[in-house]
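Quick note, the sequences are listed as chains A and B, same order.
So in our numbering, spot 284 of the first sequence is number 284, and the numbers just go up one at a time.
Counting from 1 along the second sequence, just add 487 to a position and that's the residue number in our numbering.
A short, non-exhaustive set of chain A residues, derived as facing chain B with CB atoms under 7 Å:
(1) T60
(2) A61
(3) S64
(4) F65
(5) D67
(6) A70
(7) L129
(8) K130
Since the hints were made in silico from the structure, they are not lab data.
Just so it is clear, CB atoms sit at the ideal spot from N, CA and C, and this is done for glycine as well.
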Amino acid sequence: MITLRGLSIPKKIVVITVIVSAAALLLASAALIGYDYIAARRDLRVGTTTLAQIVADEVTAAVSFNDRNAALDTLNALRSEPSLVQACVYSEMRLFAGHTFAGATACPPSPLPASRTADLSIIAAPIQLKGKNIGSVVLTATLGPTYGRLRLEIAITTVILALSVAFAFGLAARLHKIVSEPILKLARTADQVSRSKDYSVQVNRQNTDELGILVDSFNEMMRQIRARDADLQARTTALEAANQELRKTAKMKDEFLATLSHELRTPLTSIFGWISLLKTGKLDDDKARQALNVIDRNARTQMQLVEDLLDVSEIVTGKLKITPRWTTAKAIIDPAVDTIRPAAEAKQIRIVQQIANPEEPVFADHERIQQVIWNLLINAIKFSEMQSEIRVEGDRVGSAYQIRVSDNGEGIDPDFAPHLFERFTQADSSSTRRHGGLGLGLAIVRHIVESHGGSVSAFSKGKGLGASFTVSLPIPERSSSSGGDAT
Amino acid sequence: MLPAVNWTRYRVWLAASGLLGGLIAASVLYAEQPQQAEYQVKAAFLYNFAKFVEWPPRAFPTPSAPFSICLMSDPFDGALDKITQGEVLDGHPLVIRRIRSAEDVSSCQMVYLAASDGTRAPEIVKQADAHPVLTVGESDNFISSGGIIRFVQIGGRIRFQINPDAAARASLRLSSKLLRLAEIVRSSAGELQ
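Only chain A is shown next, with the shape it has when bound in the complex (with noise of 0.2 Å):
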């Protein structure tokens, strides 16, 4: 048993198989052969005893007229017989008549006793006339031919003995497949499964028994390994999206950072360079003039990005308040429009107006939306050339007031273009860019436009082609109550 258990599932039912049919069958055979032993001895000794009365009625006459002759004819008639030995007829206790067979010893003077060995019976039967025994007759049979017989038997049996268990070796080795085969199958798959990792893997189902429920646990169990594989890769995925945009936004606030420094710096050093001049006390009014305006300019300037950045930290902690009211485009375009002229004359740009209805009501917050102009201008005198032109337009499409800030400076990369509305990105983030700000006026412009329930796109054709950006205000119904505030 310990030696089957190593075999392999095959094997085991093919050795099961052998041994089972083997053992049915010695066991049959034996039981059959042993009833042939009992049957013929029983037969063996019914038969002679019957024989013995037959002979002993048949040498009444023999016995009785001394005709030793016909009893010798009559015991010679059992020659046919093969189980006999002896046959000895005994008139009163002396012999009479006898017959041997085969080379057995002659008959004993008198009668031997009844009696049974291993292998031979003697039977004795009275000889009768008219109720008195007058002799016996004595037949020794020998099992001997039974006994051949019975060895022809075994010889048979275990000839068919062997036959069946090579018959039965031979169908179990085909019919095993019926349950060893998915077996084999479910095992070679898992050990596949465990050594490349590939938890694809699927196992046809053949059987409706409980190889097959195995077969659909197999499967139910590589199903679940896949979606926990791929909840995880999804997982990992958002993980690592997650983890660069957290380094984005690092590398973000470290180059905003640099460039804050810088962009603050830059006002002060002109500043204090033209402080250190007035000091002096040797410009001319000229000179000192152009100084304070100097100074003058970049203060603003840094007062712009200080409100900028203030802005930006009112948008991200949502404190940013819109308060739109009914005005007209042209009260919103014209101040923002005049505000930047002057840094557009520094550059000798030109600014056209181009407003179709200048009356136009507009429901806007009035001075954020000024803003919004106004940043739009800056961007463009920042990155057109000299002596260019800006174009400024205004109309109404639809439900809706469009104003469009034109230019023929730089353009937009395109591959910039998705990232032209973010917080803290420029085109150019070098520290040697050739623009200055810190990226933040068209992430506000997106804020308050969006802030209004409107749109800001852009468009360019291309690097050095110049490029619009459109801010779009939706104008609502105008309510009889409506006193003009909004909130």
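Dock chain B against chain A, hints included.
Leaving out everything else, chain B in the frame of chain A:
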């Protein structure tokens, strides 16, 4: 209970060998038989004949009537009396009777006619012919004169001839076992069958 096939087989064998044996026994005899006084053997044979022959019921006036073995002259010197002394056959006590005339034969079941009875024997046989009487004799012409069993001596052994026709006339049924041991002789020709 008995194995029928075997039984039948042995019956056929035994019957065949019995017929053959009867012929052989009557014709071929050996001198092995112990020499006994001739009449002592014959007395035993007479008694044994009674056991292998069946008499019709009318042979006996009553179921317990004696079985009479009748003799004219007695060559047995008391041997027959000694053998049959006190014996009972099928309810009939055996008795030995001496008869004087042929008329007495009708009340006998068996009659023994010795060689010394000479010319009276055929007369008694003739008288017995119509009755169920087993006639046993030893004269040469005993069978041809109508007797049923005749003792013969071959090679010093006592054997017997049987005339079945005479037995049939006497309404006697002779056992086949007895016939098998005998030489069968027909009264008309007295020849071997």
